[in-house]
Amino acid sequence: MIDPKVLRTDPDRLRRSQQARGESVALVDTAIEADEARRAAIGAFESARAEQKSLGSQVARAKGDEKAALLARTKELSGQVKARQLQVDAAEARFDEVMKSFGNIVIDGVPTGGEDDLYVIDTIGSPRDFEAEGITVRDHLEIGEIIGAIDMERGAKVSGSRFYFLTGPGALLEFALMQHALTKALEWGFQPMIPPALVKPSAMEGTGFLGQAAEDVYRLERDDLYLVGTAEVPLAAYHSDEILDAAKLPIRYAGFSPAYRREAGSYGKDTRGIFRVHWFDKFEMFVYCRPEDAEAEHERLLGYEKEFIGSLGIPFEVLDVASGDLGLSAARKYDCYGWVPSQQRYREITSTSNCTEFQARRLGIRYRDEKGPKPAATLNGTLCAMARMILMILENFQNADGSVTVPEVLRGYLGGREVFEPIG
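Heads up: the sequence shown begins at 1 in the working numbering, then just goes up one per residue.
No wet-lab data here; the hints were simulated from the structure. Even for Gly, the Cβ is constructed at its ideal location relative to N, Cα and C. Each hint should be verified, as a subset may be incorrect.
[Said to hold, decoys possible] Computed list of lysine to aspartate or glutamate pairs in DMTMM-like fashion (alpha-carbon distance at most 20 Å, straight line):
#, residue 1, residue 2
1, Lys157, Glu142
2, Lys200, Asp241
3, Lys53, Asp35
4, Lys100, Asp35
[Said to hold, decoys possible] If you anchor each label on the Cβ, the simulated ranges turn out as follows:
#, residue 1, residue 2, range
5, Ala90, Pro373, 43 to 53 Å
6, Val158, Val25, 28 to 38 Å
7, Glu221, Asp245, 36 to 46 Å
8, Ser266, Val120, 19 to 29 Å
9, Asp117, Leu27, 17 to 27 Å
10, Glu36, Ser266, 18 to 28 Å
11, Pro258, Pro4, 19 to 29 Å
12, Arg272, Asp245, 41 to 51 Å
13, Leu186, Pro258, 53 to 63 Å
14, Gly134, Glu408, 19 to 29 Å
15, Val120, Pro258, 27 to 37 Å
16, Pro4, Val158, 44 to 54 Å
Just need the whole structure built from these sequences, with the hints factored in.
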């Protein structure tokens, strides 16, 4: 949720943000009207309540007809106070509803545009020249089947479309990536976490995943719980309704969990292989900090993502995500796109978002310094989305005979193994 002070003191800033997101600018005026109605309702309630309290002390001193008149007025005011309290409750509910319709305020400098506007700000590494090596490029699914790493057919048999089994080398690669990610997270000072993959509606709503992203969320209606699409959700809600010690900020967590996504808006897209699936495992970085430190923490998270991808030897680009493609909670987002040889293009493999105070306000997360409690800032970043990183390794490290060379940094987690050979 955005800071109500911005609505009252700088509504034009909010209008600019709404325009940059491609969202309703008129919503700002609706919010102003709701705020005015809320404050008017509170004023009327407090006025009636003050008169009620004043009459209470007068009744004790009055006698005869005067006392009878005061008692009659007290009874009348009692009804008014109850009615005006209901009006306050309704006005506050309306104001909260409108305020929750806003996405986070876009940070100045974020490029404008939508999901098709790709602003590349850095390129690291160069794609292999497979043609010069005399190698006919295979896609990750064909390679995965050759070395016995992926079984899509049985995944569909057991669970349906967009599910899979990681078998043999595929499972070994995930375990190796998991250990490598954990090693790097500890090196960078993150506290490892294994959070629950089922959360309450308050956690999902508080992180902003029941707005624009609601169609991609799995819900267990009988239990009123949601399957998370990222460890960001339970890690953000971990400190909900708490006041953090400012001296302990920033707090950095690295959470490993499954991620479940309906991919409802991707019908017909990336149906082959494990690029876009309903379930995968993921290591997620999450940070709580002071708002004034959030942009520096965001650059830090991006640096960690770049270091991790670079350590695997995968060529990639860094994108400054356009304002219309930020999602509800992000004020700025960077994506890393890895090179996919079979498609001859870069595809998204990590993302890091600066959510400023937006999630913290919704979740009631504050920190206390010498000036008292105030909302914290939250940030998140993908350390390793397993399925997509395995895809990147299979395609970028494939050999002419169908074998796959193991990235050097992972060999220590695989007993020194250097190559996954064809199973035939």
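Hints versus structure:
{"no.": "1", "hint": "Lys157 / Glu142", "result": "holds (19 Å)"}
{"no.": "2", "hint": "Lys200 / Asp241", "result": "holds (14 Å)"}
{"no.": "3", "hint": "Lys53 / Asp35", "result": "violated (27 Å)"}
{"no.": "4", "hint": "Lys100 / Asp35", "result": "holds (13 Å)"}
{"no.": "5", "hint": "Ala90 / Pro373: 43 to 53 Å", "result": "violated (28 Å)"}
{"no.": "6", "hint": "Val158 / Val25: 28 to 38 Å", "result": "violated (48 Å)"}
{"no.": "7", "hint": "Glu221 / Asp245: 36 to 46 Å", "result": "holds (39 Å)"}
{"no.": "8", "hint": "Ser266 / Val120: 19 to 29 Å", "result": "holds (23 Å)"}
{"no.": "9", "hint": "Asp117 / Leu27: 17 to 27 Å", "result": "holds (23 Å)"}
{"no.": "10", "hint": "Glu36 / Ser266: 18 to 28 Å", "result": "violated (42 Å)"}
{"no.": "11", "hint": "Pro258 / Pro4: 19 to 29 Å", "result": "violated (37 Å)"}
{"no.": "12", "hint": "Arg272 / Asp245: 41 to 51 Å", "result": "holds (50 Å)"}
{"no.": "13", "hint": "Leu186 / Pro258: 53 to 63 Å", "result": "violated (22 Å)"}
{"no.": "14", "hint": "Gly134 / Glu408: 19 to 29 Å", "result": "holds (23 Å)"}
{"no.": "15", "hint": "Val120 / Pro258: 27 to 37 Å", "result": "holds (31 Å)"}
{"no.": "16", "hint": "Pro4 / Val158: 44 to 54 Å", "result": "holds (49 Å)"}
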